[in-house]
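Take the given structure of chain S and dock chain U to it, following the hints.
Below are the chains, spelled out letter by letter.
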Amino acid sequence: MKFLLGLLTFIVVIIGVIGFLSLPWQGLLLLLALLGAWMWLTRPGQQSAQVTGIGVGTIGQRLGSSAVIVIGIAGVVGVLVAMLAMANGYSETLRRSGSDDTAIVMRGASASEVSSVLGHDATVVIEQAPGIAKDDAGKPLASPELVVAANLPMKGGDSENDVGSVTLRGIGDMAWKVHSNAKILAGRTFTPGLRELVVGKGAQRQYAGLDVDREVKLGNQTWKVVGVFASGDAMESELWGDADVVMSAYRPGGSSRSSVFVRLTGVDAFDAFKAALTSDPRLQVDVDTTANYFGKQGEGTSKMIRAIGFVVGAIMAIGAIFGALNTMFAAVAVRAREIATLRAIGFRGVPVVVAIMLETMLLALIGGALGGLIAWLVFNGYTASTMTAGTTGQLMFEFKVAPAVLWTGIKWALAIGFIGGLYPALRAARLPVTTALRES
Amino acid sequence: MKYLHLIWAALFRRKTRTILTLVSIIAAFLLFGLLDAVRVSFAEAGQSANGAERLQTGSKLSFIQTLPMALQARMAAIDGVKDVAFVNWFGGAYQDPHNQVFTFAVSENYLDVYPEVSVDPGQRKAYSDDLNGILAGEVLVKKYGWKIGDKIPLQSQIFPNKEGSKNWSFTLRGIMKSKDDKAFQSQMIVLHWKNFDETTPYNRGQVGWYVSRVKDVNDADRVAKAIDALSANSDHETKTQTEQAATRNWIKQLADIGLIVTSIMGAVFFTLILLTGNTMMQAVRERTSELAVLKTIGFSNGSVLGMVLAESVMLLLLGGLIGLALVSIINASLPAMSGGMITNAAVGWKSWGLGIVLALAIGIVIGALPASRAMRLNIVDALAGR
Numbered sequence: 021m022k023f024l025l026g027l028l029t030f031i032v033v034i035i036g037v038i039g040f041l042s043l044p045w046q047g048l049l050l051l052l053a054l055l056g057a058w059m060w061l062t063r064p065g066q067q068s069a070q071v072t073g074i075g076v077g078t079i080g081q082r083l084g085s086s087a088v089i090v091i092g093i094a095g096v097v098g099v100l101v102a103m104l105a106m107a108n109g110y111s112e113t114l115r116r117s118g119s120d121d122t123a124i125v126m127r128g129a130s131a132s133e134v135s136s137v138l139g140h141d142a143t144v145v146i147e148q149a150p151g152i153a154k155d156d157a158g159k160p161l162a163s164p165e166l167v168v169a170a171n172l173p174m175k176g177g178d179s180e181n182d183v184g185s186v187t188l189r190g191i192g193d194m195a196w197k198v199h200s201n202a203k204i205l206a207g208r209t210f211t212p213g214l215r216e217l218v219v220g221k222g223a224q225r226q227y228a229g230l231d232v233d234r235e236v237k238l239g240n241q242t243w244k245v246v247g248v249f250a251s252g253d254a255m256e257s258e259l260w261g262d263a264d265v266v267m268s269a270y271r272p273g274g275s276s277r278s279s280v281f282v283r284l285t286g287v288d289a290f291d292a293f294k295a296a297l298t299s300d301p302r303l304q305v306d307v308d309t310t311a312n313y314f315g316k317q318g319e320g321t322s323k324m325i326r327a328i329g330f331v332v333g334a335i336m337a338i339g340a341i342f343g344a345l346n347t348m349f350a351a352v353a354v355r356a357r358e359i360a361t362l363r364a365i366g367f368r369g370v371p372v373v374v375a376i377m378l379e380t381m382l383l384a385l386i387g388g389a390l391g392g393l394i395a396w397l398v399f400n401g402y403t404a405s406t407m408t409a410g411t412t413g414q415l416m417f418e419f420k421v422a423p424a425v426l427w428t429g430i431k432w433a434l435a436i437g438f439i440g441g442l443y444p445a446l447r448a449a450r451l452p453v454t455t456a457l458r459e460s
Numbered sequence: 037m038k039y040l041h042l043i044w045a046a047l048f049r050r051k052t053r054t055i056l057t058l059v060s061i062i063a064a065f066l067l068f069g070l071l072d073a074v075r076v077s078f079a080e081a082g083q084s085a086n087g088a089e090r091l092q093t094g095s096k097l098s099f100i101q102t103l104p105m106a107l108q109a110r111m112a113a114i115d116g117v118k119d120v121a122f123v124n125w126f127g128g129a130y131q132d133p134h135n136q137v138f139t140f141a142v143s144e145n146y147l148d149v150y151p152e153v154s155v156d157p158g159q160r161k162a163y164s165d166d167l168n169g170i171l172a173g174e175v176l177v178k179k180y181g182w183k184i185g186d187k188i189p190l191q192s193q194i195f196p197n198k199e200g201s202k203n204w205s206f207t208l209r210g211i212m213k214s215k216d217d218k219a220f221q222s223q224m225i226v227l228h229w230k231n232f233d234e235t236t237p238y239n240r241g242q243v244g245w246y247v248s249r250v251k252d253v254n255d256a257d258r259v260a261k262a263i264d265a266l267s268a269n270s271d272h273e274t275k276t277q278t279e280q281a282a283t284r285n286w287i288k289q290l291a292d293i294g295l296i297v298t299s300i301m302g303a304v305f306f307t308l309i310l311l312t313g314n315t316m317m318q319a320v321r322e323r324t325s326e327l328a329v330l331k332t333i334g335f336s337n338g339s340v341l342g343m344v345l346a347e348s349v350m351l352l353l354l355g356g357l358i359g360l361a362l363v364s365i366i367n368a369s370l371p372a373m374s375g376g377m378i379t380n381a382a383v384g385w386k387s388w389g390l391g392i393v394l395a396l397a398i399g400i401v402i403g404a405l406p407a408s409r410a411m412r413l414n415i416v417d418a419l420a421g422r
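In order, the protein sequence lines correspond to chains S and U. Per the numbering used here: the first sequence = residues 21 to 460. Per the numbering used here: the second sequence = residues 37 to 422.
Note that these hints are calculated values from the structure, not bench results. Hints are supplied without guarantee of correctness; some may be wrong.
Where chain U lies over chain S, by a calculated footprint (3+ residues, C-beta under 8 Å) [stated by the list, open to error]:
(1) 167 to 173
(2) 219 to 225
(3) 237 to 248
(4) 336 to 350
(5) 395 to 407
Derived EDC-like pairs (lysine to aspartate or glutamate); straight-line CA-CA distance at most 16 Å [unchecked claim]:
(6) U:K288 <-> U:E80
(7) S:K203 <-> S:D193
(8) S:K316 <-> U:D132
(9) U:K288 <-> S:D182
(10) S:K237 <-> U:D271
(11) S:K175 <-> U:D292
(12) S:K159 <-> S:D193
(13) S:K197 <-> S:E147
(14) S:K237 <-> U:E273
(15) S:K237 <-> S:D182
(16) S:K154 <-> S:D193
A partial selection of chain U residues facing chain S, derived with a Cβ cut-off under 7 Å [as the list claims (entries may be wrong)]:
(17) I194
(18) A291
(19) L362
Please read all numbers here as calculations on a predicted model, not as lab measurements. Quick reminder that beta carbons are idealized off the backbone N, C-alpha and C, glycines included.
One chain only, chain S, in its complex shape (with noise of 0.2 Å):
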């Protein structure tokens, strides 16, 4: 009976964490707020107040048992939260990378763009579609480009063997106007027809050699660095240089090209300019917005590194709740008279498991703070570099400590602290008055 009773109790706990897990940050203020008027009105809320007072009052003496719970705590969400930046981080940098009103449009059914091979005729037909936005001279923002990959070689490597692949990017005069993220940092843009380079910040970072007017060999060729751009996006982790000239480079005597980008008159531009194109027996293409098409690519990376984060988190969880336990256990038990007394002289069961609740709680929310504290001053704008799938280069990418990222480790910690204040707080309830009072 008092088995099933115990089983009964952890399911509860377990389906109220869940719960818990999930809730958006109005219902934890709603929480609150119902709890305080709780203390504030009625009888066994002010009696909870008072022994929830005395306990916090006595942190001081139990300081050592005390930072157990906010340091076992503050080790679990600071690695949750680091995980957490860093797929937030990774989507948000392809996010970025995309807006609804520009559009890519690749040959029928590729992955990404490198898979994908327009000829010279598609682009044009592309470039004439309707829906696209014009620049003050009339010409359509379109923007055909060119995706290669070189490889070169990385910083704090040794030249022959550390090589990356990085994301070599033809592009026309358009594309400045149609990737208006992009801007130059340093140097100057390339000059048309020459074997010049511009370099995305993030590309600068991780490959070596690449500062202005140095040179660089891609393959058995001699490019000249000229520029250093940034975007704040994807395309950051990109070399940039003049399609004809990447074309001659990688595929001589052709004149086709990887995708085209279109800015277009607006978002809701979008429908007509696919319907156009898809309808176009011309043509055989795939319409995406770069939202989209951005999206999809690091969904799949983003929520590994989700996953990886919560089986970690939830096994280092296990063993903080563990560790919570025994440390409220034992405080339970040094101040099991202290206890017994209060309810000996009329306190009820209520207030001294709410109490002792409470205490867990915010010993957890302060190891929570202190967790993503930390997590946000060590990794917040970390930088790191994956390949993605479906992609010729890597992607650098910084760890973003967003407030949402922060309210989950938040929100794990009290769940923590909840389960690991229930089970003493209960036994602190159920002792015998007289047995505990006896006890030495």
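Just chain U, lined up with the frame of chain S:
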């Protein structure tokens, strides 16, 4: 050793506390085992004996550039080269365009270069005889429930066939099995390069990369240089690496697995030390009078120190061993659970060794303070409860 029962009794003096602490330790070592298995399987990727004698030759410009087919004969003529196979990326997807299946168009002698892959001789002959035949890895066959003779529709993400459609249809002729559970061929599909080259209008005798075997492993460096020298200063310069180096480079680009694993483990063990350290302090504080009694009846300072230390080491070892044992069980069922994505996650003796050393070290670290306190205990003060 003769104090074992004493230590054991001290450990389980407070059952709840010990068990709760034990669960924390088990969780930590469970995580350690899982992450270390991941780290090891990445670190050892491509490090097989067969892999050491294989060289990969790709375009120096980038991995998407192709190489002329004529290179095969010239490479094979280099002294020290046993055989040369070649491969093209096909980029297949099954059923859903996003459900990627690793598919390669390979030369006829491809399987000779990978002796760790076994194919039933009858099936291999059937594959050789059928230009439209394919071989599939056993993991894929199991996952999708394919049978020999099935028509397998694959969508290439890059290459159209003669009709201009990217939907290809092949006949499954055989199953590739891995002899040592490490060959990635058990998760991929190969088709005849000839079929690929003749069907798609875009390839025209080009090769993605070459895989060659050297006669003597120690000779690999020289052979690699000789191969690259063949196309030096041409428009298709090559880069030749051992399979091991190529794999390591690839993983490095994927992510710094080592750094991620190490930093998570650092956080986990730091937390663990604090947690169990606190438990041990509590345990010793509670037993102050008992320890004083032990000393009174003649236990030396040294043996009291040893006993407390042994207690914490034992706690850690117990938790560590249970945790690692759990990992072994979980990892044994991982290949089935992940649909064959993870094949090599067994806990090796290195992980066990590292885990046990860690358990010992942490046990000593957290036991040191309470043990020295127990050692310096003044009998009179302790018995008087001061």
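Verification of the supplied hints:
1. Beta-carbon proximity to chain U at under 8 Å applies to 4 residues in the stretch 167 to 173 of chain S; the threshold of 3 is reached and the given coverage holds.
2. Note: the stretch 219 to 225 of chain S has 0 residues with beta-carbon separation from chain U under 8 Å; the three-residue rule is not met and the coverage is violated.
3. Here the stretch 237 to 248 of chain S counts 3 residues with a CB under 8 Å from a CB of chain U, which clears the bar of 3, and the coverage holds.
4. Evaluation of the coverage hint for the stretch 336 to 350 of chain S: fulfilled, as 11 residues show C-beta separations to chain U shorter than 8 Å, against a requirement of three.
5. Remark: the stretch 395 to 407 of chain S is confirmed as covered by chain U, as 4 of its residues place a Cβ nearer than 8 Å to a Cβ of that chain, reaching the required three.
6. Between U:K288 and U:E80 the CA atoms are separated by roughly 13 Å; this keeps the pair inside 16 Å, and the hint holds.
7. The hinted pair formed by S:K203 and S:D193 meets the criterion: a straight-line CA distance of about 13 Å does not exceed 16 Å.
8. As the CA atoms of S:K316 and U:D132 are separated by approximately 15 Å, the hinted pair is consistent with the 16 Å bound.
9. Pair hint U:K288 plus S:D182 holds up; C-alpha atoms about 9 Å apart against a cutoff of 16 Å.
10. Note on S:K237 and U:D271: the hinted pairing holds, with a Cα-Cα distance of about 13 Å set against a maximum of 16 Å.
11. Under the criterion of a C-alpha separation no larger than 16 Å, the hint pairing S:K175 with U:D292 is consistent with the structure, at around 14 Å.
12. With a C-alpha separation of about 12 Å, the suggested pair S:K159 and S:D193 falls inside the 16 Å cut-off, and the hint holds.
13. A C-alpha spacing of about 14 Å is found between S:K197 and S:E147, which places the hinted pair at or below 16 Å, so the restraint holds.
14. Proximity of S:K237 to U:E273 is assessed by CA-CA distance (about 12 Å); at most 16 Å being required, the pair is judged to hold.
15. A C-alpha spacing of about 15 Å is found between S:K237 and S:D182, which places the hinted pair at or below 16 Å, so the restraint holds.
16. Annotation: proposed proximity of S:K154 to S:D193 holds, straight-line Cα distance about 14 Å (limit 16 Å).
17. Hint status for U:I194 relative to chain S: holds, with the closest Cβ pair at about 4 Å, below 7 Å.
18. Because the beta carbon of U:A291 sits about 5 Å from the nearest beta carbon in chain S, less than 7 Å, this interface hint is met.
19. With its C-beta approaching chain S no nearer than about 11 Å, U:L362 sits outside the 7 Å limit, and its interface hint is violated.
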